[in-house]
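J.: What follows is the residue order along each chain.
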Amino acid sequence: MPIAVQNYSYFSDMFLTTGIRDLGQYMLLLGQTFRKPENWREYYKALVREFGLLGINSLGIVAIISVFVGAVVTIQTAYNLDDPLIPDYYVAIATRESIILEFSPTMVSLILAGKVGSNIASTLGSMRVSEQIDALEVMGVNPAGYLIFPKVVSLVLFNPILITLSMFLGILGGYGAAVLGGVVSPQDFQLGLQTAFNGFYISYALIKTVVFAFLIATISSYYGYYVKGGAVQVGTNATRAVVSSSVAIILANYVLTQLLLL
Amino acid sequence: MIEVNDLEKSFGDTKVLKGISTVCHEGKTNLIIGRSGAGKTVFLKSMVGLHQIDSGEIVYDGRRLGAMDDDERKDLRMEMGMVFQGNALFDSLNIEDNVTFALSMFSDMSESERLDRANFCLKRVNLENQNKKLPAELSGGMQKRVAIARAISMNPKYLFCDEPNSGLDPSTAIVIDNLLQEITQEYNITTVINTHDMNSVMEIGDHIIYIKEGKKAWEGSSDELLTTENEAIVDFVYSSELFKKIRAKL
Ligand SMILES: Nc1ncnc2c1ncn2[C@@H]1O[C@H](COP(=O)(O)OP(=O)(O)OP(=O)(O)O)[C@@H](O)[C@H]1O
Ligand SMILES: [Mg+2]
Numbered sequence: 001m002p003i004a005v006q007n008y009s010y011f012s013d014m015f016l017t018t019g020i021r022d023l024g025q026y027m028l029l030l031g032q033t034f035r036k037p038e039n040w041r042e043y044y045k046a047l048v049r050e051f052g053l054l055g056i057n058s059l060g061i062v063a064i065i066s067v068f069v070g071a072v073v074t075i076q077t078a079y080n081l082d083d084p085l086i087p088d089y090y091v092a093i094a095t096r097e098s099i100i101l102e103f104s105p106t107m108v109s110l111i112l113a114g115k116v117g118s119n120i121a122s123t124l125g126s127m128r129v130s131e132q133i134d135a136l137e138v139m140g141v142n143p144a145g146y147l148i149f150p151k152v153v154s155l156v157l158f159n160p161i162l163i164t165l166s167m168f169l170g171i172l173g174g175y176g177a178a179v180l181g182g183v184v185s186p187q188d189f190q191l192g193l194q195t196a197f198n199g200f201y202i203s204y205a206l207i208k209t210v211v212f213a214f215l216i217a218t219i220s221s222y223y224g225y226y227v228k229g230g231a232v233q234v235g236t237n238a239t240r241a242v243v244s245s246s247v248a249i250i251l252a253n254y255v256l257t258q259l260l261l262l
Numbered sequence: 001m002i003e004v005n006d007l008e009k010s011f012g013d014t015k016v017l018k019g020i021s022t023v024c025h026e027g028k029t030n031l032i033i034g035r036s037g038a039g040k041t042v043f044l045k046s047m048v049g050l051h052q053i054d055s056g057e058i059v060y061d062g063r064r065l066g067a068m069d070d071d072e073r074k075d076l077r078m079e080m081g082m083v084f085q086g087n088a089l090f091d092s093l094n095i096e097d098n099v100t101f102a103l104s105m106f107s108d109m110s111e112s113e114r115l116d117r118a119n120f121c122l123k124r125v126n127l128e129n130q131n132k133k134l135p136a137e138l139s140g141g142m143q144k145r146v147a148i149a150r151a152i153s154m155n156p157k158y159l160f161c162d163e164p165n166s167g168l169d170p171s172t173a174i175v176i177d178n179l180l181q182e183i184t185q186e187y188n189i190t191t192v193i194n195t196h197d198m199n200s201v202m203e204i205g206d207h208i209i210y211i212k213e214g215k216k217a218w219e220g221s222s223d224e225l226l227t228t229e230n231e232a233i234v235d236f237v238y239s240s241e242l243f244k245k246i247r248a249k250l
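Quick mapping for you: the protein sequence lines, in order, are chains A and B.
Under the working numbering, the first residue of the first sequence is numbered 1, with each subsequent residue one higher.
Under the working numbering, the first residue of the second sequence is numbered 1, with each subsequent residue one higher.
Mixed in with the good hints, there may be bad ones.
Incomplete in silico selection of chain B near chain A, CB under 7 angstroms [stated by the list, open to error]:
1) Val48
2) Met78
3) Met80
4) Met82
5) Ala102
6) Ser104
Please keep in mind that the hints were generated in silico from the structure rather than gathered at the bench.
It should be emphasised that the depicted structure is a prediction, and the values quoted were computed from it without experimental measurement.
Virtual Cβ for every residue (Gly too), placed ideally from N, Cα, C.
Just chain A, with the same shape it has in the complex (with noise of 0.2 angstroms):
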């Protein structure tokens, strides 16, 4: 066999393998994380604690963000739409659409992807190779259940806070850089906002946001539980468990818009 299509197998099949088993090892995992918890109070306790370490610690980042993004938004269709035939009020309902539709649900959970996937990869991962991951199951506990499905539930409940936090504070930024730079008048920005408005974007926004949060949550945490090695195993795959999960999360943008909006 020539080489090179010696090498296209071998690649194609190690491509397909790994991508298989990888998948089925990530069901698997979920299968385990989703058991019957040994004590409901020490899986509330363990939820109490990843809502602050995953989702109050992301407020600032989401908060600052959001504002500046909303601004800028505001600012670039402004300019774009610099035309005496559009009305003013059109760049708040574009704003106002960019943010709810695309910017919060999206581009927030995938900054959270790199924060918090992170984080889960890699803390999960410095216990898989201490060995504490196999304390647990030795004390009859499930490592999974216990260690991912609080992180998992605390995701999917906390990051819809978050990004609507984040759709809040986005229009409030377009809303201040609109009139802190005289671009359009309150009155025409408040008109904006108000007209067209379509209630179900928002039920769309939070529905993709709850599926990137469990996206986020599991993968990143299928990348921390098995890590196999030491130090440098766990950074590899803190990065790994962040490439995929925002590589899911815009795939499954691409779905749910299909399956959403059309």
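For chain A, the structure is supplied; the task is to place chain B with the ligands on it using the hints.
T.: Quick look at chain B with the ligands alone, frame taken from chain A:
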């Protein structure tokens, strides 16, 4: 009692355990000795089911580990305590919470009862007034003692210790050895200890298993160890000049 029958375990192409059989009795300290890399840790982890074994059988008082479903395995594990070679303390929890972890998870003790139990266990390993510290704030030997306290917190029926006194000074090492022997006898525990501390071997070795290159090369009591003519074990145990001299005098 734990019976191990013809246990084999390999990683990829390297065979680490090549068919080991032995019986560990309750109320006895069973010591696994062997050179670094001989397979002691792999043996211990295979016994508790942390490694998937290639072939063989591990039987806990008539209950076969390989044939258990998830619930039976969980019930068995609640009867186990284990000290890992690297301690494996939960680094986000303080000392007290580490020791009471399994109790909070599985027992219906009140918080103050759990605390009493933790203090009792910590006292037995000579580690008091450190309850609120995080594992990272303790020395290696102190962490080891917390790991032992955690392992005995649930009053285990089976206790596994991977090098429980490595990294301890001689006097603390003796305290730990004596503690392990005491609780083994007091609560009739089946205790399995990995060690390469010859002092422990002589002091508390009720039943000693010598593993060499993945096989059981010798087995017996510490008294038998003094008089055995088995070359492999003599070579291993009496590798220091001091021990050679002592043996020559016997
Ligand atoms: N997870 C693993 N993957 C591959 N090989 C392993 C793994 N764990 C152990 N081994 C190999 O098995 C052999 C036995 O290792 P083990 O840790 O049991 O030694 P040990 O007797 O406990 O040594 P020490 O006294 O230094 O702790 C070693 O050669 C090691 O390389
Ligand atoms: Mg070892």
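J.: Hint by hint, say whether it matches the structure.
T.: A quick look at each hint next to the structure:
Because the closest C-beta pair between Val48/B and chain A is about 6 angstroms apart, less than 7 angstroms, the hint holds. With a cut of 7 angstroms, the hint placing Met78/B at the interface with chain A holds, because the nearest CB-to-CB distance is about 4 angstroms. Checking Met80/B against chain A by beta carbon gives a least distance of about 6 angstroms; that is within 7 angstroms, so the hint holds. Annotation: Met82/B was flagged as interfacial toward chain A, and the flag holds, the nearest CB pair being 5 angstroms apart, inside 7 angstroms.
Here the hint on Ala102/B is kept, as its CB sits about 5 angstroms from the closest CB of chain A, short of 7 angstroms. Taking 7 angstroms as the C-beta contact cut-off toward chain A, the hint placing Ser104/B at the interface holds, the least distance being around 6 angstroms.
In this structure, every one of the numbered hints holds.
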